[in-house]
Amino acid sequence: MPPTETLRAGSGNGERGAGGAGGSEQTYIIRQSNKCYEHRDSQATAMSVDYSGQWVLLAGRGHLALQRLGQDDGTLRRHERQSKYDISVAEFAICPSRREYCAIATSQNIDIVRWGPAEPYYENSLRGHTRTVTDIDWHNKNPNLLVSCSIDTFSHIWDLRDPRKPALSLNAVCMSGATQVGFNRRSGNLLAAAHDGDLRIWDIRKGSCPTHYITAHLNRVHGINWSHKRETCLATASQDGTVKYFDVCNPRRAEKIITTLSPVWRARYTPIGNGLVSIVVPHLGRGENSLLLWSNSKQTDPICSFVGHTDVILDFAWRPNREDSTEIELVTWSRDRTLRVWKIDDTMLKLCEPSPDEDEEGDSSRYEPDLSELRALTPPEFMHTLQPRPMTAASLPIAATLEPGLGANTLPMARSPSFGGVYARREETHIARSLTDQPTCSLQHEFSLLNTNMPHVDVDMLCAIKRYACFKICAADHTIILQVTFPTAYPSPNVPPDFQLCQGTTLSSDVSGVLLKVLRTNALQRVKKSRSCLEQCLRALVAAMKKRVTSVAGAGADRSQMLLQSPRLEGALSSALHDACIPFPRTSGVHFNAIGMLTTFAQVMNTKRLTLRQHQSITPRTLSAINGSGLLGNVMSTTTAQRDPNASFYLQERMIACKRLQGKQRVMRQINGTTPVVHIYDASQLLHINRDMARDFTLDKRNIVETCRRNGEICRAHGRLDLVPIWLLAELIATPHVPHESSMSCQLLFYKDPFKKSLLESLIMHYAGAGDVQTAVLLACLFDKCPAAGLMGMDMDVASCRLPAQLHAQLSPYHTVLPLDFKSSAQARASSGTWQQLKQLRSNSWSDSLDWLDFKLGQTDAFACSLIRRTKMPLFDQFKRAYADVLFGWQLLTKRAVILKHTLHTPPPSQGVEFVTECAGCGKPKRTPKCEPCKRPVLICILCCLPVRGASNACLSCGHGGHMQHMIHWFEHHTVCATGCGCSCLQRTSELLALIS
Amino acid sequence: MVSLLQEIDTEHEDIVHHAALDFYGLLLATCSSDGSVRIFHSRKNNKALAELKGHQGPVWQVAWAHPKFGNILASCSYDRKVIIWKSTTPRDWSKLYEYINHDSSVNSVDFAPAEYGLVLACASSDGSISVLTCNTEYGVWDAKKIPNAHTIGVNAISWCSAQAPDPAFDQRVTSRNPAVKRLVSGGCDNLVKIWREDNDRWIEEHRLEAHSDWVRDVAWAPSIGLPRMQIASASQDRHVIIWSSNADLSQWTSNVLHTFDDAVWSISWSTTGNVLAVTGGDNNVSLWKENSEGQWIRINYESGTAIQSKQSHQLHNPHQQQAQQPLNLPQSSDSEHSSNLSNSNLSNSQLSN
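Going line by line, the protein sequences match chains A and B.
Under the working numbering, the residues of the first sequence are numbered 1 to 997, in order.
Under the working numbering, the residues of the second sequence are numbered 1 to 353, in order.
Rather than coming from a laboratory, the hints here were simulated on the basis of the structure.
Any given hint could turn out to be false.
[To be verified] Pair by pair, the computed Cβ-Cβ distance ranges are:
| no. | chain 1 | residue 1 | chain 2 | residue 2 | range |
| --- | --- | --- | --- | --- | --- |
| 1 | A | Asp477 | B | Arg201 | 26 to 34 Å |
| 2 | A | Glu918 | B | Arg201 | 43 to 51 Å |
| 3 | A | Pro117 | B | Asp213 | 50 to 58 Å |
| 4 | B | Phe69 | A | Ser990 | 23 to 31 Å |
Since this is a predicted model, take the numbers as computed values, not measurements.
Beta carbons are placed, not taken as given, at the ideal position from N, Cα and C, and that holds for glycine.
Given these sequences and hints, build the entire structure.
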């Protein structure tokens with residue numbers, strides 16, 4: 001299989017799939033694999049290449065297999081193993097002295113296997129973890145050391161000379177388990193462990209707590225790889241679709257970011273050269289299974305894409321070439337069950353090197369060995385010292401400033417630790433030259449004129465001799481340390497000052513780039529006319545910063561990044577990114593609304609059967625359970641469900657699984673089932689409430705017998721036959737059994753009839769208890785405060801009906817009407833003023849609240865009586881209120897008002913403007929037209945000078961008013977008050993009303 | 001006797017986690033793992049009237065406020081945010097308030113009864129409960145937090161219905177002060193807790209222990225005024241438990257409603273507090289009702305899952321039926337059988353009284 005190499009431009013029709021970084025013209029090399037081995041029957045989940053590069057270990061649940069590389073006969077040594085658990089990770093030792101050893105993690109245990117000439121020997125079993133081991137890494141200098149991490153949040157370091165217990169346990173106190181771990185390749189004292197999106201950097205000499213926390217990603221980290229060159233650098237690959245380069249000395253922000261559209265499963269530095277290889281896992285298993293080679297100095301486009309695998313690539317490893325150190329090979333193992341070997345030759349590695357026109361980066365690599373050597377000499381505390389990392393804007397295009405690598409600029413700093421400040425001088429040569437120059441008057445003059453009290457800006461240093469200035473700008477929750485260097489020619493035309501953002505800046509690199517651009521354009525505008533620009537630039541920067549940060553914050557993805565870099569939130573986030581305690585998402589739900597409508601939805605999650613098998617339990621409990629059961633182990637983490645826009649991934653994944661397990665028929669049904677359909681049902685019948693019935697029911701108190709009959713008919717019409725007898729019963733209750741010519745005492749007894757009261761009460765309680773609040777409330781309302789006339793039937797003589805009723809009113813608990821003289825009442829009955837007379841005879845305890853009722857109900861209310869016991873009233877009132885709420889939901893507002901009229905509650909005091917008059921007699925404010933104690937009307941019409949009883953109106957300013965009709969007449973022609981008080985009532989009142997509203 | 005009014009295809013790109021009708025039953029709000037909340041007209045299967053985007057993670061639950069405060073909707077999400085939305089027209093929604101003070105996924109929101117004003121309770125996986133009170137006059141939100149309400153996390157929250165003030169001459173012994181706000185919460189510590197507001201502080205009044213796994217949903221039954229209180233709690237342990245109390249809420253007794261086939265995820269009481277709807281991991285919707293003897297019986301017989309809407313509703317499972325009370329016969333046949341119109345699986349049984 002000869003390698004085919006093509007150079008093609010991305011055709012832009014989405015062919016690049018997940019690997020695309022969104023660049024406009026994408027030119028990169030496409031490589032086919034050099035060798036390919038197929039293992040159709042292998043179910044290996046882990047792969048590792050040994051030290052010599054001759055053997056590849058493929059480890060699966062049922063067997064271990066060694067594939068010999070470099071020989072095309074494809075020798076395969078297979079060894080069966082008995083285990084019910086998958087192998088989560090297998091790693092060959094990377095030290096030559098233990099080259100035949102490998103560590104294999106199964107469930108909570110790690111087996112150390114030595115490959116003898118014939119078969120593997122199980123040397124040791126490392127037991128210490130309590131949950132599944134997720135990753136293993138060997139120390140590259142000490143052959144006895146290896147580190148393992150587990151879901152139980154611990155990372156254990158094992159010394160194979162004492163395998164009984166871990167040599168060191170690193171306890172990350174956090175909720176999320178460790179998923180990845182890696183020893184530093186240069187120092188060997190540092191190690192990094194990933195807990196969801198966070199990294200913890202440990203120094204094994206001080207294992208009590210991590211030395212650094214890095215809030216690296218918003219989402220789970222799938223891969224950690226330490227740089228082979230720079231001791232403090234590492235690259236992380238994450239579910240959130242990014243690869244980030246971190247310098248552990250600067251945990252706040254990533255140095256560089258590669259952004260892809262899909263989760264990145266692994267990212268590893270090339271052992272030689274300046275590259276990095278990443279595995280991108282496409283969404284939904286569709287799209288390219290990208291294996292991409294990136295240059296460390298260019299994050300926008302990959303250098304090379306390795307094509308050939310047809311399914312997700314599970315892992316890859318470097319095959320060291322012991323003879324020729326300039327060539328390396330890449331070994332990949334994919335779920336398509338092929339093992340492929342790819343040669344990475346010189347030309348490719350050369351492409352990874354920064355191009356010569358990017359001089360900054362060139363410098364960086366030139367100084368590289370120098371720098372790392374320097375660092376190796378520094379004591380471990382070096383990590384705590386702040387390392388300046390200026391970004392140069394003036395000399396580079398914006399794109400280059402996105403990569404604040406350790407360039408030439410930092411070198412003088414690292415060499416002169418005596419320089420204690422956090423600010424970097426730009427270039428020693430530059431400063432040296434400026435030292436010799438005399439400071440121009442204009443710069444000193446500008447500094448002296450600079451307003452040091454600008455909002456958000458702190459001046460840290462102004463030095464006219466060294467020609468630079470430092471500012472600290474705090475705006476929009478971010479801090480910028482800005483260093484400005486002034487060339488000697490400044491401010492002559494086209495010589496702008498040089499701006500740098502230094503260590504301590506909390507902005508992401510792209511925002512910084514934009515801000516630097518703002519500074520530069522502002523500076524250029526000013527210096528074009530040979531004017532000083534410093535203050536102008538600072539003001540523009542603050543404005544731009546506020547604007548930029550808020551606009552970026554709205555843009556979603558960027559916002560999270562911003563949040564991460566705000567130190568205030570780091571702590572909160574690091575503990576929050578775990579799903580183990582978030583419940584498993586609901587796939588079905590029910591909801592009743594206030595009027596008995598039921599909403600249901602249900603979507604079958606196809607994962608179910610699968611999970612059931614693997615967990616031997618019912619539906620998983622937590623969100624994190626989703627990933628544990630996937631075919632890929634933890635490849636598709638939890639969070640696919642969450643943060644990916646295309647979150648159905650896990651559904652899809654399970655569907656495939658289901659197909660294998662259950663056969664097609666079921667799958668088809670389940671696929672149909674996953675459509676998110678919501679059903680709305682009317683369940684009000686179950687609740688025994690019915691809107692149509694509520695609309696039709698009457699509460700006509702004039703003839704209760706007739707009302708009961710009609711309500712019974714309504715029930716029949718709506719199919720509630722069970723209620724018909726109840727209304728018949730109610731009819732009987734309402735019908736007097738005593739002949740009407742009987743004596744008064746008999747009548748009284750009738751109203752106090754204990755049987756009827758008890759019957760009615762138990763009926764109401766039964767229906768309320770059974771949930772039929774509608775019937776209960778209607779009964780309670782109908783027999784509450786009912787007029788006597790109604791109870792007695794229509795055929796009764798008017799006179800004889802009234803007299804006992806009035807008598808009875810005295811006995812009613814609510815109406816303490818003084819007994820009337822029967823005779824006078826009987827005489828007066830024909831007159832329309834009867835009720836007014838009655839009213840005047842009332843005691844003062846007749847509450848105001850019933851007054852309004854009285855006005856409306858008029859005559860009937862005066863005869864009110866009740867079959868409801870007073871002790872039951874509050875309870876029934878609550879039934880009524882509950883029913884009133886339902887009526888409100890049905891928007892039967894008048895029906896609701898009628899029901900609420902039957903409760904004892906006082907209507908809430910009016911919230912609007914109210915006209916309160918003062919009684920001339922007692923001087924107390926009155927809302928009623930008459931002062932009860934003084935028995936005199938309170939409002940006298942200013943026009944007719946008669947007391948006002950009906951509709952009235954008054955000026956809110958002067959208080960004069962009167963009959964509505966009179967007022968209308970008056971103000972048709974006038975604008976000022978009729979009393980001559982000089983108040984222009986219309987205008988003043990409208991002003992006051994406008995003020996109130 | 002449940003009739004299907006409408007089937008709405010939400011067209012969410014991912015799993016729907018909650019759907020709720022507003023007070024009047026006019027608007028439907030759904031929320032999904034795709035991070036959006038959608039508003040639909042409940043009687044038309046049209047496109048969404050509005051799509052509310054603001055969450056960056058799956059939205060777990062939505063809740064409508066009482067209409068007297070306007071058209072207000074609250075949503076909670078995995079992204080640790082609670083957003084309160086307000087609309088002028090059903091198509092026009094804007095963020096009224098965003099609460100970002102939780103450190104983990106917010107799993108549940110519930111608006112308090114309207115008598116208490118515009119008050120929202122939020123339950124989060126960070127173990128705390130937040131009670132947000134809006135001063136409607138000034139539009140200012142005040143947040144009160146109950147830290148460590150449940151260890152590991154709070155999964156569900158529900159308010160006790162407000163009790164109208166009892167008239168002074170009521171002779172019943174009432175220790176139930178109407179002004180006292182109460183909440184019930186369920187969490188990952190397998191507990192159901194009842195909280196009472198006491199002088200600006202929320203104190204734990206009771207802790208109800210009976211579940212053996214995470215409590216996934218709690219619902220305080222709406223009260224129509226009867227001197228008893230009921231709380232339903234659903235759990236991962238496949239049980240739904242009905243907690244009953246007397247009027248003064250001093251003692252709670254548990255009663256296992258049923259042991260389901262799978263974890264129970266969602267429960268909801270009808271407005272009159274006598275019908276309980278339950279659904280869980282097996283996606284079956286079941287409706288339960290208490291008969292006069294205090295036994296809970298299932299009132300819908302169904303086969304398969306709720307989503308098989310095209311299935312005939314007449315597939316009554318005899319095994320399930322025998323567990324029912326024999327006296328609860330279906331309504332007489334001359335009444336209008338709305339279920340004939342429905343193709344739902346919620347079938348046509350109704351309890352006769």
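Per the hint of 23 to 31 Å, is the separation of the Cβ atoms of Phe69 (chain B) and Ser990 (chain A) within bounds? For Ser990 (chain A) against Phe69 (chain B), whose Cβ atoms are near 29 Å apart, the range 23 to 31 Å holds.
I want to verify a distance hint. Is the separation of the beta carbons of Pro117 (chain A) and Asp213 (chain B) within 50 to 58 Å? holds, 52 Å
Lying within 43 to 51 Å: is that true of the beta-carbon distance Glu918 (chain A) to Arg201 (chain B)? For Arg201 (chain B) against Glu918 (chain A), whose Cβ atoms are near 44 Å apart, the range 43 to 51 Å holds.
Beta-carbon spacing of Asp477 (chain A) to Arg201 (chain B) - inside the hinted bounds 26 to 34 Å or not: holds, 32 Å
Checked against the numbered hints above, the structure violates none of them.
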